[in-house]
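Residue numbers (this note's numbering), protein chains in the order written: chain A, 18 to 598; chain B, 27 to 272.
Think of the hints as simulated: they come from the structure by calculation, not from any bench.
As the structure is a computational prediction, the values presented were derived from the model and not from experiment.
Cβ atoms here follow ideal geometry from the backbone N, Cα and C, with glycine treated the same way.
All clues stand as given, with none of them false.
When the alpha-carbon atoms are kept at most 30 Å apart in a straight line, the in silico BS3-like pairs for lysine-lysine are as follows:
| # | chain 1 | residue 1 | chain 2 | residue 2 |
| --- | --- | --- | --- | --- |
| 1 | B | K153 | A | K139 |
| 2 | A | K163 | B | K149 |
| 3 | A | K163 | B | K254 |
Reference listing, derived: stretches of chain B covered by chain A, where coverage requires no fewer than 3 residues with Cβ under 8 Å from a Cβ of chain A:
| # | region |
| --- | --- |
| 4 | 68-80 |
| 5 | 121-132 |
| 6 | 138-148 |
| 7 | 152-165 |
| 8 | 201-208 |
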Amino acid sequence: METSSHDILIIGGGGAGLRAAIEIAEQDPGIDVAMVSKVYPMRSHTVSAEGGAAGVAGKDDTIDEHCYDTISGSDWLGDQDAIEFFCNEIPKELLRLEHWGCPWSREPDGRIAVRPFGGMKKMRTWFAADKTGFHMLHTLFQTSLKFNTIVRYDETFVTRLLVEDGAVRGVVAIELRTGKIRAIQAKAVIIATGGCGRVFPFTTNANICTGDGMALAYRAGAPLKDMEMVQYHPTGLPFTGILITEAARAEGGWLLNKDGYRFLQDYDLGKPTPAPVFRSMELGPRDRVSQAIFGEFEKGRAFHGPYGDYVHLDLRHLGEHKIESRLPMVRELCLKYENIDPVREPIPIRPVQHYMMGGVHTDIDARTPLPGLFAAGEAACVSINGANRLGSNSLGEILVFGARAGRSAVESARNASAANETAILAQARDEERRVEERFLRRTDGTEKITKLREEMQRAMEKGCGIYRERDSLAESANKIGELRERAGNLALDDHSRTFNTQLTSALELGYMLDVAEAIVHSALDREESRGAHQRRDFAKRDDQKYLAHSVAHRSADGPPRIEYLPVVITRWPPGERVYGR
Amino acid sequence: MSDTIILEVARFNPEDGGEPSYQSFEVPLRPDWMVLDGLNHIKDQLDGSLAFRWSCRMGICGSCGMMVNGVPTLTCETLLMNYAPGPVRVAPLDHFPVVKDLVVDLDDFLAKLQKVRPWVVRKDDFKPAREFMQSPAQLEAFHQFSLCINCTLCYAACPVSGLDPDFIGPAAIALAHRYNLDSRDQGIEDRLDIVSQHEGIWDCTVVGECSVVCPKHVDPSLAIQQFKLTATKEWFKSFLLPRGKH
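Here chain A stands alone, though its shape is the one from the complex:
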């Protein structure tokens, strides 16, 4: 078995992982940092983010206002110390990216331009047209190429964390090109693997978003926090689930039902005005807007299409010039995937799974409870997003907490004790054997990956959609339990070593089922409605009982053990979420 070792190993080459790598390389060129990613870094899902990254920029804006918007947006489930730290740090991070060459859109005088965004009281969202994630990712990746000290394992798939004497000591991973299984040892490991949207059938997420890092941490003993908090983005294209950015509404787009009526006014989100108003109507938060669209479906005021009900996002009144300059990708996507030109026709949209507020439980320093293990970005839950993330806070989060994870990992690696290499490598060989025997050499499996994946996705949509209730959640929990057993009996057609994507699909299915189980049980346990978690059977927010994070611990067999951790409240006591009035 091939082995190598580094001071710090980052899993994931998206925005959070790259930011961490650069931070480490800049802090101390003497530190040996490596990055392992199952795709080339510039393919990571950060690339698909569109609208922008929020950070206080204008003189009329304050850090406190960004904090309040984020806290009320989170339905008071975000930790206020983390949010305050985040809002203070993010303008510096966005400037750093500017210095590294990110092509931010500009004002006529050459300053950074900002735009409004949902749930935000001021203009503070920095943007690079509507390809902000793409430009941020490529800027970070290209900047990372400057540092020869960053070692990359591209297209290398992690199958397990190595834990010795209670601390994380590296990973076992498959080099996809050769199929070689290798042990990569490290004194500190950062998980930056993004989200898990692919547990749902209808998602904006890329094929690679299978919750790998969440499951790796969960299996190694780090708990998952607030996993019931699943964000549905209001505006996805009906067949593909491709995201139409919230910036379309921030620039003035309207949501219309089948009668051409701006229905958000019926859902306590304000009164319609021709121009967008902060924290009102189409600039409401994502949870409330998605719930309103679902309400129109139930009232029969939506259109019916081959891929389910939908409503219209109308940009026609913005005119061709504004659409081309501010929303070129929206136009490109609509033309290519719906054969619709938003300059002339309204866009059919429906709510689509988009983001996980939950993730690996970390503190404000990106530390997990497991020594030597850190997490940042969508894979982590600090939590700044609570029960509902505001649009344009996630691109900031990957920078602020990616950098923070890098600094914490440096400190941890410097203080790490000597490792018991014999024990670590014995564990790695066990893992090699598991992959070989359970997947590569096995010929008597009977279950199909595709079938199990579809059954999982159906169960998750049924139980963990926009509205939830006990019976359907319990049914989904049973189904996921059954699928986890059946996943032990997978049949593979491909037993070769070279670039075996069926093997990685099988391993990803295992990750997704673990994450799905945490989601569904956390949702079953939270008997209240808050933010993105809406229970038909418990329609009210219950601060007495649930002003707390759910923390799911994996158990060897059977459902996870759910505990609760109080929310950190500093200066903003829980109150009513008010939008549009």
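We have chain A; now place chain B onto it with these hints.
This is chain B only, laid out in the frame that chain A set:
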């Protein structure tokens, strides 16, 4: 019209010791299906051993470039219907070593990308307390070249890349040019030294195929011609000002 279409897919697995071949699969022909949906139908329903890369399925991650009927194509944004009644030939990108089936080896491209120093180079120590001022016109000067998604379709289209593997190639040169044109950057001399070497811009024969196939409407061919012009000017300057740096 038939409701199915035949995909003839290139197969190759180095472990079989066999030669590359084509295998035919019949897949549904649906009006909203892309070529990638057809490949996923094969992978999910017909033959799980087929290897290809894909991720975002919205034309931005750059993973799923392949030769479709001989043309470098992003399969996630190209309708299967365009090829009706078929058959459609899907093969790995030209000019790259094949790893397996439709997967090519991109290490060489990544090395070339790193070689052109695609990051902001500052020769002075100036670090503004705030942003660098950059007018919309200054942004516009380099913006189109920053839209490259590294899908490498341009390498598969470029006849010079096919003949001379040392040619730095369209995407890497376009990205070098992107930084040269960025008002925040001072690294043009470094990049001229790298790109104007033999394998660099002088190899380009101005066929322009790279710009034709680019799914993001980047114009690498223009970047290369502008690079040639700048390099020529610098070359003359070095005679006019023999003592040195300008």
